[in-house]
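**Q** These protein sequence lines map, in sequence, to chains A and B.
Going by this note's numbering, 54 is the number at position 54 of the first sequence; the sequence numbering is gapless.
Going by this note's numbering, 1116 is the number at position 116 of the second sequence; the sequence numbering is gapless.
No wet-lab data here; the hints were simulated from the structure.
Any given hint could be a false lead.
Stated by the list, open to error - Derived pair list, reagent style BS3-like, types lysine-lysine, alpha-carbon separation capped at 30 angstroms:
1) B/1309 x B/1032
2) B/1301 x B/1275
3) B/1205 x B/1038
4) B/1301 x B/1282
5) B/1282 x B/1028
6) B/1275 x B/1309
7) B/1032 x B/1282
8) B/1296 x B/1275
9) B/1043 x A/67
10) B/1032 x A/67
11) A/67 x B/1301
12) B/1038 x B/1028
13) A/67 x B/1282
14) A/67 x B/1028
15) B/1296 x B/1032
Stated by the list, open to error - Computed, partial: chain B to chain A, Cβ under 7 angstroms:
16) 1126
17) 1130
18) 1132
19) 1137
20) 1138
21) 1239
22) 1242
23) 1314
24) 1317
Said to hold, decoys possible - Covered by chain B, according to a simulated footprint, are these stretches of chain A (three or more residues, beta-carbon under 8 angstroms):
25) 3-10
26) 13-22
27) 61-70
Cβ coordinates follow ideal geometry from the N, Cα and C atoms, glycine included.
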Amino acid sequence: MIATSVYVFVFAMWLLILVGGGLIVTIVGPLSFGGPDGLNPILNSGIKVAIALLLVVAWIFILSQVKNWIFRKQIKP
Amino acid sequence: MENQIIVAILVSIVAFFTVFVVTPFLIKFLEKRNLVVKDYHRKEGTMIARPGGISIIIGIIASELVLYAFLPSIHILAIVITSSLAFCVGIVDDRRLMGGWFKPVALAFCAIPILLLGAYDSNLTFPLFGSVTIPVLYIGLVIFMIPITGNTINSIDVLNGIASGFTSIASFALSAALFVMQNYEIAIASMALGFVSLAFYRYHKFPARIFPGDSGALVFGATYGTIAIVGHVEVIAAVALLPAIVNSFLFLSSVKKIVEHRQIKNPTFFSDDYKLGATHDKDAPTTIVRLIVAGKPLTEKEIASVIFKLAIFSGALAVITAFFMSVRI
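With the hints as constraints, model all of the structure from the sequences given.
**A** So this is what it looks like as structure tokens:
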């Protein structure tokens, strides 16, 4: 039963990797800031890195919630 | 293609038999010099030789150099150099107890040859959606990848045979994924890691005759991480490693800081009938082993079997992910 929870968690992580990758490629990748001339490429890249890092933090937060939900019985103090 | 099959067979033979032949001599050598540690999970508290990283690195270098002789490329050189540096970090940690930050920082430096040799591609490819070009961010990814994979494998080196058996399954899965993606050179390099860890598993499985030590576990992890970077299969490699990543994630989210594993409370206890059960100590970290034995105490062999089945499951997900790499939605 416990082992099943671990399988579910591994599968959930896999799905989150697929979805997270999709977000990075379809949303963050094509982003460009600053109108027709655009921003300095380094600044543009820096903003995209910041957004990507925010997405990683959100990804870890979601994973934490999924973990707490799947293992709610086992990790209850 | 025929030539590559011959090279694959030759590299696999060298990888497996180098470790298979060298390890018994290493065990005798270490025992003679009293380089042994107690196996606390054994009835008699048997003393076990450590570190086995010496035979592991010999196997990696020998097999990868054979591969380099037939298919010379900077990618193979990067694997050999990074693995050797990770071995040096591990052997320092085996000889002296270093702080929790030592390994991540030192392993980050081990990634530098990959950057200097230019053995990477700054496109990060995701399944189903395509790739993003991240030249600056990718350098950070390379530097982070080696400490992450090194410490991830090191963190599951808690029971007899787990680190070597798990690495073997993950490496073969990665190799299969690389074959699917027709990256044959790195697929063979990954196969070599699979056979090195499989040969070491022969002596590491319960009842173990040798422990890999930090030097062995870090070589496993760093070699795996380098293969992921030079093979351009970072996401697939992470998927194959998921059970170990889950372990690190559970550990870090319960401990909330980076510490040396020898400094933390044991998440399991050893029962009178020599089975491992989950401790009720709320200060002890949550780990994958603690979750597996939360229902009922299990023997070391039974826990290893559960972890290996999980590794096969995530390996299958990794191969599915490789097929997804050529699909676009």
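**Q** So which of those numbered hints doesn't the model satisfy?
**A** 1, 5, 7, 9, 10, 14, 15 and 20
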